[in-house]
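Engineer: Line by line, the protein sequences give chains A and W. Residue numbering for the first sequence follows my numbering, beginning at 765 and increasing consecutively. Residue numbering for the second sequence follows my numbering, beginning at 1081 and increasing consecutively.
One or more hints might be untrue.
Unchecked claim - Where chain A lies over chain W, by a calculated footprint (3+ residues, C-beta under 8 Å):
no.: 1; stretch: 1122-1133
no.: 2; stretch: 1146-1155
no.: 3; stretch: 1289-1300
no.: 4; stretch: 1349-1355
Calculated directly from the structure, the hints in this document are not laboratory data. Ideal Cβ placement from N, Cα and C applies to all residues, glycine included.
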Amino acid sequence: MKALSQRRRHPLAAIALLLLGLLVTGGLYAVAGTVNEAKAQTTTYSAQDVEEGEKLFVANCATCHGIGAVGAPEGAHGNQAGPSLVGVGAAAVDFQVGTGRMPMQMNGPQAQVKPVQFNDEQTRQLSAYVASLGAGPAVPSEEVLDASQGDPAKGGELFRVNCAMCHNAAAAGGALTRGKFAPGLDGVSEKHIYEAMVTGPQNMPVFNDANVTPEGKRDIIAFLKSIETEGSPGGAELGSLGPVAEGLFIWTAGLGIIIGFTIWLTQRSS
Amino acid sequence: MSSTSAPDTYTPKTRVGRIANFVDSRTGGSAMVKEFGRKIFPDHWSFMFGEVALYSFVILLLSGTFLTFFFDPSMAETHYDGSYVPLKGVEMSVAYASSLDISFDIRGGLFMRQVHHWAALLFVAAMSVHMLRVFFTGAFRRPRELNWVVGGVLLILGMAAGFTGYSLPDDLLSGNGLRIIDGVIKSIPLVGTYISFFLFGGEFPGTAIIGRLYVLHILLVPAIILLMIALHMFMLVVHKHTQYPGPGRTETNVVGYPVGPVYAAKAGGFFFIVFGVIAVIAGLFTINPIWNYGPYDPSPVSAGTQPDWYIGFVDGALRLMPGVIGEFPFEYVIFGRTLTLNVLLPALGPAGILFTLLFAWPWIERWVTRDDREHHLLDRPRNAPTRTAIGVAGFVWYAVMWAAAGSDLIATHFLVSLNDVTYWLRALFFLGPIVAYIVTKRICLSLQRKDREIALHGRETGRIVRLPHGEFIEVHEPLDDYHQYRLVNFESPEVLPAQPDANGRIGRTEKLRGRLSRLFFEDRVAPVTPAELEAAHAHGHPAVEEAAESRTSEVSRH
């Protein structure tokens, strides 16, 4: 201890500390990275995954979805705390849990995005368990998620025809009835976009492979990623909300500045 | 012109002088410069919105000319081959492709597009604020009624210019807007479908509409706007400028700066300020990013589709209108023809009512007050409480519809239900103007009473003084003459009951006028009279309190 306290003011101490920090961060990052990779490559789940997933499910999800994920009993008005998850597939679990929508924060028109509650391994185990209950959409493979292989122009057309009426042509999101909404798609991962299309979370319809082919879905992902990375060529985009934001801006900032100048110009020196 | 007929005895000494004399002796320019150059503009910031609108229009002409060099209003189909990758190879109209080229492949094109669009928003906004200023200060009264109407026409033309321009790029957003217009036109009974087919050259969207809107946008509408601006400015010079009341300002003079040289320099500088502000906004903030929306195709409709702000209130009214109320339908089939009141009423009703009242207002007020005198001194809004209240009620009505155009964004951004937003706005559509009228009128009357108090008592200093016999009083500081003038010197029309005509009878309209006059002026707060002022100053405190409390007796005194 004494040696350490004596050397902590050494000129090289700061550099040593910095190196140590970088090493730890980099090491952790590398470990996390390989964990991600390993998960994505695995398409089949082991029996142990299913078992672990069931434990997690009983502890965290069964209150609403029921033991065995058969769904809660229907209430007096036909409403249900949680629906049956038999046959929703691994993709549904990966989306809902992976984006933090599940476990649900509160009852409401639809599940809100919040910080993710389970790590990737736990999410995978939960997916494995739900997938074991009945056949459903699987977590997509890397190949259909690769935006660089997609055609953004074609994806744009598909997006405008199939998605823009709720998500807005610029993917900025939009309102639905009674507090429901289609979220903005900026920053949503390729995997989650794909899973949303095949599982139809919340109020979204399902776009199955007959409706939009996996290549078509990849094109849509390519389109969304291209407008995301493209940025806004014309300057600050004011939330991509269209003419309402523009009108608000000219009435507040634009006219405000102009009024400032008019007052300045008509001021008298007295 | 005297200068053209008079013998030219003056020989200038310098070359510039000779040129000037040459021009002047042939055009009589100096008389014009003398007349216009001596025109007086009073200084007040609220008088400058008309100028802002004018300068925005000049900027629109300049930037618009640039855009016409490169825009191709053709609806022929093409495949995009410009530099914007996400649209590469997409089928679209030549109009949309050329708009994209302006944005991405022509130097300065995107900047000019944004200058043009921001200037358009500012143009209509400045006109609207100018109009509000004119309304709330009573500047529309004789002799300026016709100029008020010309201003109203300019506002409508500005909206028309904006809408025709909004539709030109042929992107998804503008196409959705056009589709709504098409629906509104088709809802007109009997002739609607025919008008729509005539306008679009067949079934919507057809292949003609962009070219037609282009001609309207760059030729007809701006030409009429220019004509109206000329009329507006001509009448402005003829009528001379209005001014706020103040010491030395009367109905027969104008106090301010002449155009030349100070005001001309200021106004010229102000043009560049407006240009600069628009340029900064256009350089930093994107507007109408058409590349996000994609080419128009009648099948997709994007969420959050709205028109530019000045058409917003019509869109909002459409959004507020219920399709049915309970079992009561708004759509009928009469003799095999469909009458869709749930489109027709909201699309044309509020706008029709708003503009009819707007145009008719100078005459309505003249009729109610029977005041046909010329007015060059403006009213402070509080000193015309009923007019101000009606104006605010109209503005609130407009604002409710305006807000409804963004109902979806209100729902998503404030995390409330879209349905609830619509229900609230529907209620406010009817209740908002009534509440606004009552509240505004009370505020105006209270402000007038406060003015009265201050004029009589002077300003409260907050200094409490104990008198020798134990009484506490607060010391009031009397106003100086300039401030007092502003508080006591205003016109306050009184109730003018229904008057019998030549035959000694009171007609029905006259009765109505009498009732309206009572509504307007029965609770007026009378300005302080010189006698009251003198009494207040002579007797000091207690007497004033008495005078102020017996308001009814004061009213009857004059």
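Engineer: Using a Cβ cutoff of 8 Å, are there at least 3 residues of the stretch 1289-1300 of chain W near chain A, or does the coverage claim fail?
Structural biologist: violated (count 0)
Engineer: Mind taking a look at whether chain A covers the stretch 1146-1155 of chain W? Criterion is 3 or more residues with CB to CB distance under 8 Å.
Structural biologist: Result for this restraint: violated, n = 0.
Engineer: Please verify the coverage claim for the stretch 1122-1133 of chain W: does it have three or more residues whose C-beta sits within 8 Å of some C-beta in chain A?
Structural biologist: holds (count 8)
Engineer: Quick check: do three or more residues in the stretch 1349-1355 of chain W have a beta carbon closer than 8 Å to a beta carbon of chain A?
Structural biologist: Coverage by chain A holds for the stretch 1349-1355 of chain W (4 residues, Cβ < 8 Å).
Violated hints for the displayed structure, listed by number in ascending order: 2, 3.
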